[in-house]
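K.L.:
Taken in sequence, the protein lines are chains A and B.
In terms of the working numbering, the first sequence opens at residue 7 and continues consecutively.
In terms of the working numbering, the second sequence opens at residue 693 and continues consecutively.
Any given hint could be a false lead.
What the hints assert, rightly or not - In silico DSS-like cross-links for lysine-lysine, where the CA-CA straight-line distance does not exceed 27 Å: (1) B:Lys933 to A:Lys91; (2) B:Lys937 to A:Lys80; (3) B:Lys961 to A:Lys123; (4) B:Lys697 to A:Lys180; (5) A:Lys41 to B:Lys940; (6) B:Lys945 to A:Lys106; (7) B:Lys705 to A:Lys95; (8) B:Lys945 to B:Lys961; (9) A:Lys176 to B:Lys705; (10) A:Lys143 to A:Lys160; (11) A:Lys80 to B:Lys710; (12) B:Lys721 to A:Lys80; (13) A:Lys161 to A:Lys95; (14) A:Lys110 to B:Lys952; (15) B:Lys948 to A:Lys91; (16) A:Lys162 to B:Lys697; (17) A:Lys106 to B:Lys952; (18) A:Lys123 to B:Lys968; (19) B:Lys827 to A:Lys41; (20) A:Lys176 to B:Lys697; (21) B:Lys946 to A:Lys110; (22) B:Lys940 to A:Lys209; (23) A:Lys209 to A:Lys95; (24) B:Lys746 to B:Lys714; (25) B:Lys746 to A:Lys80; (26) B:Lys697 to A:Lys169; (27) A:Lys41 to B:Lys826; (28) B:Lys946 to A:Lys107; (29) A:Lys41 to B:Lys899; (30) B:Lys721 to B:Lys710; (31) A:Lys180 to B:Lys700; (32) A:Lys85 to B:Lys705; (33) A:Lys189 to B:Lys721; (34) B:Lys826 to B:Lys746; (35) A:Lys109 to B:Lys952; (36) A:Lys176 to B:Lys714; (37) B:Lys940 to A:Lys98; (38) A:Lys297 to A:Lys285; (39) B:Lys697 to A:Lys98.
It should be emphasised that the hints constitute simulated quantities derived from the structure, not laboratory data.
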Amino acid sequence: MESGRQYQVDLGNLMAYNSFHSFPSLPSSREELVKTCLQEGSKLVQAIADGVFNLPSAEDPDGPLVKLPPPSTKLPREKPLPKPKPPTKWEKFAEKKGIKKRKKDKVVWDEQTGTWKRRYGYDRVNDDKDVPIIEAKMSDEPGEDPFAKRLDDKKKRVEKQDKNRLQNLKQAAKVGALPSHVKLAATALPITGTQVPSKKFTKDELGNVAGIVATSTASGGKFDKKLPGEKPAKKQGKHRKFLPVVEGSGTGSQEKEQMDKVLNKLISKHSHEILNVDKAINMYNVKKEKKTKYRKNHEAKSSSTSSKLRPKKNINKKTAKKGSASSKKGKAL
Amino acid sequence: MLKIKTPKNARVKRALEKRAPKLVETGKKTLILQGTKTSSTLNAVLTEIYHLKKGGAVRFTRKNDNIRPFESGGETSLEFFSLKTDCSLFVYGSHSKKRPDNLVIGRTYDHHIYDLVEVGVENFKSMDSFTYDKKLAPRVGSKPFIAFIGEGFESVDQLKHLKEVLLDLFRGEVVENLNLAGVDRAYVCTALSSNRVLLTHCALRLKKSGTLVPRMELVEVGPSMDLVVRRHRLPNEGLRKEAMKTAKDQPKKKVKNVSKDAIEGKIGKIYIPDQKIGEMALPNKAKGVKRERREAKQKIADERTSKKQKEDAE
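Input sequences plus hints: build the corresponding full structure.
P.N.:
This is how it looks when you write it as structure tokens:
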């Protein structure tokens, strides 16, 4: 117990130091020396263990867990302390004006489709593709495509944001507080002259080709002899996946959904073909022509045939046509 | 013009974030390498240090002809390696007539050399030369006990420096929670004279003592060696001050799904995923299914018989 007090124990590093021991004369043999060292060492280790095993412990299936105090021996860091990120231009402005961040919902009610949709990203609300009509305003310039303008505006906004972001990152880089995953790199210099950088095949491309070759036998590469150390081909055939038969509680029938999707796609793709205007006009014209022709023929033959035969249109038509055709032939001959 | 370059996938981003400066640092990694000429003892020393540090060490096995840590201009290559491998401790072995079995242990700060200690290795005994009960063999990556013995570590300048470096080299990661079942190794460093230190690696045998604290017994498992201090270079004062900075306030870990309410107190949210009944595989031989089929058959058979009976009656 007496000796325990004179050791310096650092529980955070599990380190103990005996600053009083010294060899008056080194023992003659190596074994003796090591033995005395180990004896002294075990005393120190015991001192550490006294500290550690007396700490309050929590039971764990792997063994008792002990919470260690922070180390008292100070050792240097390996990297400088991270610097705080300087505020962006907007953050400065917002602070000056007292603008506070508000939380927005991730999903928004879409009135056009009557569903909840994401605010941003895939399948988002008010997507350019989904806006069929843009109402005219007094400020609209005549002869301008509002849809194209919408796209253009969006592009400009994105460009502006990119510019702002770069500016803010430059400011952060000046202080040395660039986020660890961001690098500011000089854009590539233009290649002078007619030199074109030679194209190299990437590992992925080669792998893809090798995979296709390996599976292009009759058996799909199943019975091919493998070289020692050869890995299985990367491109394997497609596996059929079957949809569940029973409906789930949350999502509804997946099969139905899938079919709906396909049908919707088909219909939307061919929606302009459902009423083929050209064809319709053609048909209309042809019918009109026929009618006029028929009328002409009818008028010509009405003198010979009685009006009583009118209901038998078809017979008349045929005979009329045949007659005309034969007459034409006759003329040609 | 500048371009913003960000990693293309999350794996790279994670790797970069791992290397970035942190408020509270995780363990330092050690780079173990050698110069143009080494001796067999030195090779053994380097590999055994690598084995001791496994999990937190990188071993280079090729010759390096332009590393001379103490000379100006001889550290560029070393600093580059430190940057590439993200190691901030290094052990460099070299062997020459002037300094046989030479070991340079050093640390880096921000991938520049921070301090250096040069020691000669003598009386080296490898792990293989020790015989002991293999059940006691320390496990890879366990947190060691470290014991320093001798007043030299306080009074002599170079030994004081060596003590700090050895502690940094062997202590491993700073942990908050220690599993007492995993306590199985100790390093014992004894100052024999003003420039000589005996370093041994021991396993711990925990014996019952009747109290809460078990009786510790040291079993030497090697390696063991004498380190004779040759040259050393302390960090300059400004750099030391900067490197010793610590974060004032520890970053708080965000606790998810736990909120506090004035009336109800602590509230936890539990999310239960949707039961995917549709994807559940039905066993083919379910008894229920069988019974249904059987009953259906029975029904058909019953109807037939009843129809026949009717026909017969007519």
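K.L.:
B:Lys961 and A:Lys123 were given as a pair; does the straight-line alpha-carbon distance stay at or below 27 Å?
P.N.:
With a Cα-Cα distance of about 25 Å, the restraint between B:Lys961 and A:Lys123 holds, given a limit of 27 Å.
K.L.:
Are the Cα atoms of B:Lys948 and A:Lys91 separated by 27 Å or less?
P.N.:
holds, 25 Å
K.L.:
Are the Cα atoms of B:Lys945 and A:Lys106 separated by 27 Å or less?
P.N.:
holds, 24 Å
K.L.:
Given the proposed pairing of A:Lys106 with B:Lys952, does the C-alpha separation stay at or below 27 Å?
P.N.:
Satisfied, since the Cα-Cα distance of roughly 23 Å is no more than 27 Å.
K.L.:
Mind checking the alpha carbons of B:Lys721 and B:Lys710 for me, to see if they're no more than 27 Å apart?
P.N.:
This hinted pair holds, its Cα atoms lying about 12 Å apart.
K.L.:
Are the Cα positions of A:Lys176 and B:Lys714 separated by 27 Å at most?
P.N.:
At roughly 21 Å apart (the allowed maximum being 27 Å), B:Lys714 and A:Lys176 satisfy the hint.
K.L.:
Does A:Lys180 sit within 27 Å of B:Lys697, going by the straight-line distance between their CA atoms?
P.N.:
Status holds; Cα separation ~17 Å.
K.L.:
Take a quick look at whether B:Lys705 and A:Lys95 sit within 27 Å of each other, Cα to Cα.
P.N.:
holds, 26 Å
K.L.:
For a C-alpha distance cap of 27 Å, please report whether A:Lys189 and B:Lys721 respect it.
P.N.:
holds, 24 Å
K.L.:
Does A:Lys95 sit within 27 Å of A:Lys161, going by the straight-line distance between their CA atoms?
P.N.:
Roughly 22 Å between the alpha carbons, so the hint for A:Lys161 and A:Lys95 holds.
K.L.:
Would the pair B:Lys827 and A:Lys41 pass a check requiring their Cα atoms to be no farther apart than 27 Å?
P.N.:
holds, 22 Å
K.L.:
Is the straight-line distance between the alpha-carbon of A:Lys41 and that of B:Lys899 27 Å or less?
P.N.:
Holds, because 19 Å separates the two Cα atoms, which is no more than 27 Å.
When each numbered hint is compared with the structure, violations occur for hints 5, 22 and 23.
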